[in-house]
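Kindly generate the complete structure, drawing on both the sequences and the hints.
Protein chains in written order, with our numbering: chain A, 52 to 425; chain B, 52 to 425; chain C, 52 to 425; chain D, 52 to 425.
One should not assume that every hint holds.
[Claimed, not checked] Here chain D is said to cover these stretches of chain B; the calculated rule only asks that three of the stretch's residues, wherever they fall, bring their Cβ under 8 Å from a Cβ of chain D: (1) 200-213; (2) 259-273; (3) 397-406.
Hint data in this document are derived by calculation from the structure and do not stem from the laboratory.
Keep in mind that this is a model prediction, so the values were computed, not measured.
Heads up, the beta-carbon is just placed ideally off N, CA and C, and yes, glycines get one too.
Protein chains: 4
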Amino acid sequence: MLRYLTSGESHGKSMLTIIDGMPAGLYIDKSIIDLELARRMLGYGRGKRMAIESDKVDILSGLRNGRTIGSPVSLLVRNVDSSIDKLPKIYEPRPGHADLSGILKYNLSDIRDVLERASARETVSRVAVGSVCKIFLAEFGITVVSHVVSIGAAVSKARNLTFEKIVSSSMKSPVMCADAGASAKMCREIDLAAKAGDTLGGVFEVLIHGVPPGLGSYAQWDRRIDALLARAVMSIQAIKGVDFGIGFGSAALRGSLVHDEIFYDKKKGFYRKSNNAGGIEGGMTTGEDIIIRAAMKPISTLRKPLSSVDIRTKKKIMAAVERSDVCAVPAAAVIGEAVSSIEIANSLIEKFGGDSVSEMRRNYDGYMAQIKRF
Amino acid sequence: MLRYLTSGESHGKSMLTIIDGMPAGLYIDKSIIDLELARRMLGYGRGKRMAIESDKVDILSGLRNGRTIGSPVSLLVRNVDSSIDKLPKIYEPRPGHADLSGILKYNLSDIRDVLERASARETVSRVAVGSVCKIFLAEFGITVVSHVVSIGAAVSKARNLTFEKIVSSSMKSPVMCADAGASAKMCREIDLAAKAGDTLGGVFEVLIHGVPPGLGSYAQWDRRIDALLARAVMSIQAIKGVDFGIGFGSAALRGSLVHDEIFYDKKKGFYRKSNNAGGIEGGMTTGEDIIIRAAMKPISTLRKPLSSVDIRTKKKIMAAVERSDVCAVPAAAVIGEAVSSIEIANSLIEKFGGDSVSEMRRNYDGYMAQIKRF
Amino acid sequence: MLRYLTSGESHGKSMLTIIDGMPAGLYIDKSIIDLELARRMLGYGRGKRMAIESDKVDILSGLRNGRTIGSPVSLLVRNVDSSIDKLPKIYEPRPGHADLSGILKYNLSDIRDVLERASARETVSRVAVGSVCKIFLAEFGITVVSHVVSIGAAVSKARNLTFEKIVSSSMKSPVMCADAGASAKMCREIDLAAKAGDTLGGVFEVLIHGVPPGLGSYAQWDRRIDALLARAVMSIQAIKGVDFGIGFGSAALRGSLVHDEIFYDKKKGFYRKSNNAGGIEGGMTTGEDIIIRAAMKPISTLRKPLSSVDIRTKKKIMAAVERSDVCAVPAAAVIGEAVSSIEIANSLIEKFGGDSVSEMRRNYDGYMAQIKRF
Amino acid sequence: MLRYLTSGESHGKSMLTIIDGMPAGLYIDKSIIDLELARRMLGYGRGKRMAIESDKVDILSGLRNGRTIGSPVSLLVRNVDSSIDKLPKIYEPRPGHADLSGILKYNLSDIRDVLERASARETVSRVAVGSVCKIFLAEFGITVVSHVVSIGAAVSKARNLTFEKIVSSSMKSPVMCADAGASAKMCREIDLAAKAGDTLGGVFEVLIHGVPPGLGSYAQWDRRIDALLARAVMSIQAIKGVDFGIGFGSAALRGSLVHDEIFYDKKKGFYRKSNNAGGIEGGMTTGEDIIIRAAMKPISTLRKPLSSVDIRTKKKIMAAVERSDVCAVPAAAVIGEAVSSIEIANSLIEKFGGDSVSEMRRNYDGYMAQIKRF
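Below is the structure:
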């Protein structure tokens, strides 16, 4: 079992994470983690803070000469600004944020106590964990990518893309969009929203390639891989919807147009010509690409503030304005990759057992031969 | 902590469930569970088996003279047809089902071994657990209802309905739709699909009323209430998408149109005039109604069969035809209520502690007074 | 991961259990479970109820034609006397029982509500789960036995016994003691205590043979196999102490007399000539026999009652006398086997992964070859 | 729910811990943690390294101006020697250590990879977590102390001590023994063992005062407080046995001499005159002091080395000699306090719910009034 806990506040000393259960014998290239942390900060529409912070990971435990040894891996990313104790108090809860429910729940009187942890800065930790998991998944030929499907009203027309196409196209786009025309439109949308003091959300897609069939299970509700992936992706700050394959679209179609027919080829084994299911049937992976879409609401901190209430006086007031990002959908896509990678890594460990990468690999190979022989 | 495990196969002896962690002192009216089990079987578009089975629960443990005593509650629903051992073997995996991944994963040679557990019959158990949780939630003034938003291309125009309206309108509809016109259209869609030997999915909405603010938490990713609800709803068979409030819709709008402004009134305390967030901000309940939408794909077993492969010969074959439901969206909505009720009950127990309903109620009242005083 | 929940009250309808996570392809012989349930009722010193109840398991789910198919296994044992609702109220908490803390915790007014679930009758469920796990362990050549080390002042002199010796000797003894002389003494102790209206406890030992090295882990505190076994055994009703190998004895000796030196033999691989560690070092199995000892306190319900307080009047009163067992140490040993079997099965599943016995077996063989090659 | 993960290697950069679930509003005095870390290093019989390391905690997250805010608390203790990558390889597994099973399990070739994490240095993390929990428990009037009962053959005669007596007496002893005569004997035992190049273990006792009745539960096996405490204490490195109250001693006595009779007093409520049960009946706290005894085996690294095998050549060799502690029982007692504090804190949070200390305190007071009224 792979477990992890994150910790850290937005203006605290550091973002700190412990991962328990990573098999021994995995070489962790720190620069890959740093690269993913950098990807998390990119994207047209980000404000000043993103330019200031330059996240680098410090691996505090779990490795010896660069390789995992079975012990917990801990990852630390220092915050540039760690003035948490001295930052001014906040009394105006921002609509869309954890602010109001947070102070009620924890019986606090300063909203700063809430937003410091509720902040999306926490996802630094999850991207760090996810990048370790990506390195691990690569040992089994599994790759995880993402691209932005829409920002505000601008929608990518790129559908049913190959992995290669997604990677190559979206890398060129400032908003990680695989459709060049839509990419330009998205940037314009962001400019317009910025001018209006407003913010934007959007939709991104995560694709996972090379997954063996049979991860997850229908045997018990909380072992279904789609349920686990949905929990992981929905737990990302500002995500309000998750679906798989054609997802909500499948609700409008007849069954004969939705279900992916089954074929067989001596070389490939069982395979599909379509993938409306997004790689998951009956709570298990089918071996086809896993396709996850997630909807992100617009950023909750607007320059054009919303109506709120001073928690001391209970009088109407305008909500606090703190940062100036207009859109963070590309960053959310990177985080989506990370949390999906963690879930797949965990289900892989559960299915193949083993305490070292070599042992897992042997078990994996045995299973792949078994289903080939089937 | 509330935990439960379900068991049982579609044509096994019975569907059996154990719930651990229900507080003492709750009167469980068996007829309420039976009513929910009956609701699960209703809905225009269901086939013959639904008419045959008439599920009644037998409470095997956890009660004394009708009241919980702190010990695990076990619920048994007998199957009318328990011929699992004698039913013929199946060799044609049905697209959209667990069939193919299941036999590969568990190294089985008869698809019947898979479909018996992967079947949506399993949800009998979850509806039973959910109805116990509904009785529990009622002690805290929390009610859970649902209605059908769309079936195939027929879409309800009823939006932003009051609880009362949803309950009264959807009860009159054979497809649990609160919009009478759409309800008629949905039935026609089902008739047409039935004639074509095809199936339909749709979208339903679950609403939870009376939830206190502050359930769930932003402190750790796996404690967010939206993440937990998403896991629960996505784990229902055939669900391919979940969102909250205006969900995927929020991705297309600017922030100023999405976030629910905050107001204060001496009597109500803090409140909102809109509820685009679906009652959840920062991974916590806000106190407004929780609104969950879920997309169900069309039923995977069509009378008009899809292309598949015989797992013995690897030759092309038409997929097995087993039952004749055309549409089960109303049933899925009932199941959605059930699994949502379980999650809310669990987070309530976590927040208020206590081992008896009276102790929990005292703790709950203390918290409500605290946030009123805030 | 293997999980299970038990349910059922002493005079309720039945004792019911669900096991989730048992791999597919395991043939479960119901008669083996019944045999273990019978063993649980044996032993010199048991009262009338034991003679009345004749526990037989009914497997309600999880099997098809006798074999596991990956779905949860549920086990039901009916109670002969299911008059829970009608049994008289109890107001005198018995010292040593859950009675007093139970009514305070759950805010109950009738002690019967507590003792019905706190009763050792619950262990029927655990013995049933344990016997399924024993069948599973046998697939990997792992066997679990036990014998009684002491009852009251009568102590077995049989130490460092071989498995075969323990099985053969203890089977002949009415108190499962491998030392014939001590066995006779134990029976006399029981007779004397019975005459005095008193009760007896004792010590039993569980031995697990054929365990591969490397189950459990030092990487995180809650993955240590000794910690997990201690939790399992200490959770048996009336157990007050647990140790491994020479356990408490090792605290009195110097290190040079305690630690088991390491040897190597081409055929055996690494091995030990002593086993003071009881088969566990650093929170992992060593491959030597696991040896667990547990201390059971005397039965809490005496015919010669103890001083207590009427919970209504708060006046001094003599504690309730309910049943007339004098000693249940042999039964506790059987239960000890069961719960230990569950923990080893779980750690085996975690280490070797796999969803079918054949897949697990392949992974297991690969590991055994790996450490042989080491 | 309180959860924590520890990480860190003996000669890695630091020992790092994350605690999730600590309520808001708790003032954490860093100096109290440091004091407990210092207590962990004391005790007659420790070697040079203990003198070198001077552990100080750095709280990296979870506090604002010294108070918890509901977010995870992370604790870092730096290692003075962090040369893990450069330390020489080890090929001789030490009997009694994780060495041999560890390299087999994780498929490693250098024993250093194992011992770095298996080392008792990991308990720095647990003492840090435990001291935070002690601060938390103090809010509810719960105190946790310990004393050494035996070292080798030297046994304390102090039994049934009051809390005050234990604290005052054991503080004066270089081995934390409350019996001055035995304390002197213990030091002599250590001197003799040191001269012989040998090591010693012993027995310690942890006492927890002020616990309310009703923590833990008999409802499900893994919720019993004795089972949870046994898991926690047995998970400490080198612990081979755990018992409660008179524990193993109760196995030799008749029931009438073991069970603690129940009395009532208007002021005290229900109480006992004896505490053979060690404060736990039916898997729940009784309100009397919890008494836990644990047996520690002698330290596994002897100056007088034991027979082992070179893992490369498979030839007989003498086991590696690494450090020169002779006895660490007093340190183990401090660690025992820590892990017990964590379990009690967790069960308190489960019973009383709440997200802030003030809310928990209100719930706690309500319960205490309820059982007083009973």
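For each hint, the structure was consulted:
1. 200-213: violated (count 0)
2. 259-273: The restraint on the stretch 259-273 of chain B holds, since 4 of its residues have a Cβ under 8 Å from chain D and three suffice.
3. 397-406: holds (count 7)
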